[in-house]
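Asker: Here's the letter readout for the chains.
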Amino acid sequence: MPSVEQRIRDTFRDAGAAGWLHAVPVVEAPNREVAVGADDQVVMASVYKLPLLVALCQRFAKGTLAPTATVRVHPRSGSPGPTGVAAFQDPVTLSWRDLAASMIAVSDNAAADVILGEVGLAAVHETLTDCGLTGTKVVGGQADVEAALVRDTGATSAAEAFALLADNDQALTVSAYDPAFASATTARDMTSLLSQVWQDAVVTPEQCAYMRRLMALQVWPHRVRAGFPYAGVEIGGKTGTIGAIRNEVAVVTFPGETPVAVAIFTYAARADAALPAVDTAIGECARLAVTELRSGRW
Amino acid sequence: MSDVDLLRHLRLFVAVAEEGHFGHAADQLGMTQPPVSQGVRRLEDKLGVTLLTRTARGVGLTPAGAELLPRAVALLADAARFTEDAQRHRDAHTELRIGVVPQLPTWHLASIVDGVRRDGARAVTTVASTVELVGAVTSGQLDCAVVHHPALVHPLECGAVVKLPTEFLVPAGRPVQRFAHLRDLSLATAPRNHNTAAWDLLVDSLRAKGLDPDVVPAPTDRETVAAVAAGGAFGLTADPDLRAPGVDRVALGGEEFHLRVRLAWRAPAPDLCRAVENALTGALHAVR
Numbered sequence: 001m002p003s004v005e006q007r008i009r010d011t012f013r014d015a016g017a018a019g020w021l022h023a024v025p026v027v028e029a030p031n032r033e034v035a036v037g038a039d040d041q042v043v044m045a046s047v048y049k050l051p052l053l054v055a056l057c058q059r060f061a062k063g064t065l066a067p068t069a070t071v072r073v074h075p076r077s078g079s080p081g082p083t084g085v086a087a088f089q090d091p092v093t094l095s096w097r098d099l100a101a102s103m104i105a106v107s108d109n110a111a112a113d114v115i116l117g118e119v120g121l122a123a124v125h126e127t128l129t130d131c132g133l134t135g136t137k138v139v140g141g142q143a144d145v146e147a148a149l150v151r152d153t154g155a156t157s158a159a160e161a162f163a164l165l166a167d168n169d170q171a172l173t174v175s176a177y178d179p180a181f182a183s184a185t186t187a188r189d190m191t192s193l194l195s196q197v198w199q200d201a202v203v204t205p206e207q208c209a210y211m212r213r214l215m216a217l218q219v220w221p222h223r224v225r226a227g228f229p230y231a232g233v234e235i236g237g238k239t240g241t242i243g244a245i246r247n248e249v250a251v252v253t254f255p256g257e258t259p260v261a262v263a264i265f266t267y268a269a270r271a272d273a274a275l276p277a278v279d280t281a282i283g284e285c286a287r288l289a290v291t292e293l294r295s296g297r298w
Numbered sequence: 001m002s003d004v005d006l007l008r009h010l011r012l013f014v015a016v017a018e019e020g021h022f023g024h025a026a027d028q029l030g031m032t033q034p035p036v037s038q039g040v041r042r043l044e045d046k047l048g049v050t051l052l053t054r055t056a057r058g059v060g061l062t063p064a065g066a067e068l069l070p071r072a073v074a075l076l077a078d079a080a081r082f083t084e085d086a087q088r089h090r091d092a093h094t095e096l097r098i099g100v101v102p103q104l105p106t107w108h109l110a111s112i113v114d115g116v117r118r119d120g121a122r123a124v125t126t127v128a129s130t131v132e133l134v135g136a137v138t139s140g141q142l143d144c145a146v147v148h149h150p151a152l153v154h155p156l157e158c159g160a161v162v163k164l165p166t167e168f169l170v171p172a173g174r175p176v177q178r179f180a181h182l183r184d185l186s187l188a189t190a191p192r193n194h195n196t197a198a199w200d201l202l203v204d205s206l207r208a209k210g211l212d213p214d215v216v217p218a219p220t221d222r223e224t225v226a227a228v229a230a231g232g233a234f235g236l237t238a239d240p241d242l243r244a245p246g247v248d249r250v251a252l253g254g255e256e257f258h259l260r261v262r263l264a265w266r267a268p269a270p271d272l273c274r275a276v277e278n279a280l281t282g283a284l285h286a287v288r
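Residue numbers (the numbering used here), protein chains in the order written: chain A, 1 to 298; chain B, 1 to 288.
It should be emphasised that the hints constitute simulated quantities derived from the structure, not laboratory data.
Since we're looking at a predicted model, the values are computed, not measured.
Among the hints, erroneous ones may be present.
[Claimed, not checked] Sample of chain A residues facing chain B (criterion: CB under 8 Å; computed from the structure):
| # | residue |
| --- | --- |
| 1 | Arg13 |
| 2 | Ala18 |
| 3 | Asn168 |
| 4 | Asp169 |
| 5 | Arg270 |
| 6 | Ala271 |
| 7 | Ala277 |
Think of the CB as a built atom: it goes at the ideal place given N, C-alpha and C, for glycine as much as any other residue.
Turn these sequences into a full structure, and let the hints steer you where they fit.
Answerer: What follows is the structure in structure tokens.
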């Protein structure tokens, strides 16, 4: 039988996507891993909301921002988006911790913009340094990504830019697809961050538990979750999607077993806005990698 | 003994070891026996190791010779490759090794080859699937290739997407005005593993039109024509000159069924890529 890494490469290729993956058991000193291009720079898309959440929780823990303090959000002033506050028409008032819940559970772009405005890029950079994520950089939020997209494609609106991006007649080279310009990370950096969150290492145990709860609330069933349709499996994850980029980083926990952190980043050949084959491949590759590392298997 | 000398002497050693005989080795090398025998001796002196056993029955390898022989063979092979690669660089300005997918019409292929010739160079052509072509360009076996789009082309660089108009090929005498009229036919097209992304896009585009055909593999237009003429399948061609008994051409659908191709190369772009791209787009305009 081919190696698990080869099977993962074949699965990505069959789905028509380039793929990068790293998986590691969440233990003190892991001695096993599955790595496919794990140290290559990849585009984060909404996965950037995860380090942003950590930076926010560090503010909560320091006491410089109260989780229950309220903030008024005007949907139309922020990034448009299909979910959460970004999809609302009228202003809402909610607590910072609920705003963060919307940012993680449904990848709310408007919520993320407001949180990034409060926390600031400098604090996110500090968080990345604290966590030892030397391969990761966050250059801005969704609003910045869309502004760059409009600029790169010569479109007049973000909606028009996304339509151009989904056209198979062009092979657009936009900065949003280029790790040199966009917010970028490595698969290994993201499993490291997940491991730290799952080991109460980035901030207080209370805040880490809060982050794990939000990630478990994530609603999307089509990527990593689709690889584990088994009773009792707990998955906490965060997806990222922009154009041909489809990502998810997650921790998969089988009942009574050591959790396994897995980070998957893809870049599809096709421009189509919906590519279920690639989403499914992300679940397949997650299962191949996690199965290899499950403590219950040995 | 200089390094160049080492290669020359290793060649003598390998020849003798392979032939098992000084005289036969000399014949193979086109030399007389004394310089061969002296050369091997000089090599042994220089290395301070005896490589060959010389008996009345012939020549054998000492344990040291047996261990070093594969390394000597590898060194010589690498030296040969080195020379070939250098030669390739020398020829880079006069020869372009180009690959194309079989679906690229003959007319376009000729136009590319002709364009390269007008640029003062000679094109050497390979026809293969997108997956194979991307591999060959990546490994340096080809300078550039016209591949299907969309495709996984990493780590290559690519030119703009060129769309070649296509028509549907249907069994002769069959009235086909709409997609619905193809409903009971199979689709004859290149196998999915030739490029999964473009294959999936074609099938998805047909499904969006209400067709969900089973697929018979047709790696080139030739197999497509055969499957269509047999009466059970429809296919697509970008070749405006393709006519065949038992096969009718029908214009159906919009540009989503056009053949999308682009030129892929390994950075830095070979000088002649510009000529190929111009020929590709120029041919498109000439045909229309």
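Asker: Each hint: holds or not?
Answerer: Evaluated hints:
{"no.": "1", "hint": "Arg13", "verdict": "6 Å, holds"}
{"no.": "2", "hint": "Ala18", "verdict": "5 Å, holds"}
{"no.": "3", "hint": "Asn168", "verdict": "6 Å, holds"}
{"no.": "4", "hint": "Asp169", "verdict": "6 Å, holds"}
{"no.": "5", "hint": "Arg270", "verdict": "5 Å, holds"}
{"no.": "6", "hint": "Ala271", "verdict": "7 Å, holds"}
{"no.": "7", "hint": "Ala277", "verdict": "6 Å, holds"}
The structure shown violates none of the earlier numbered hints.
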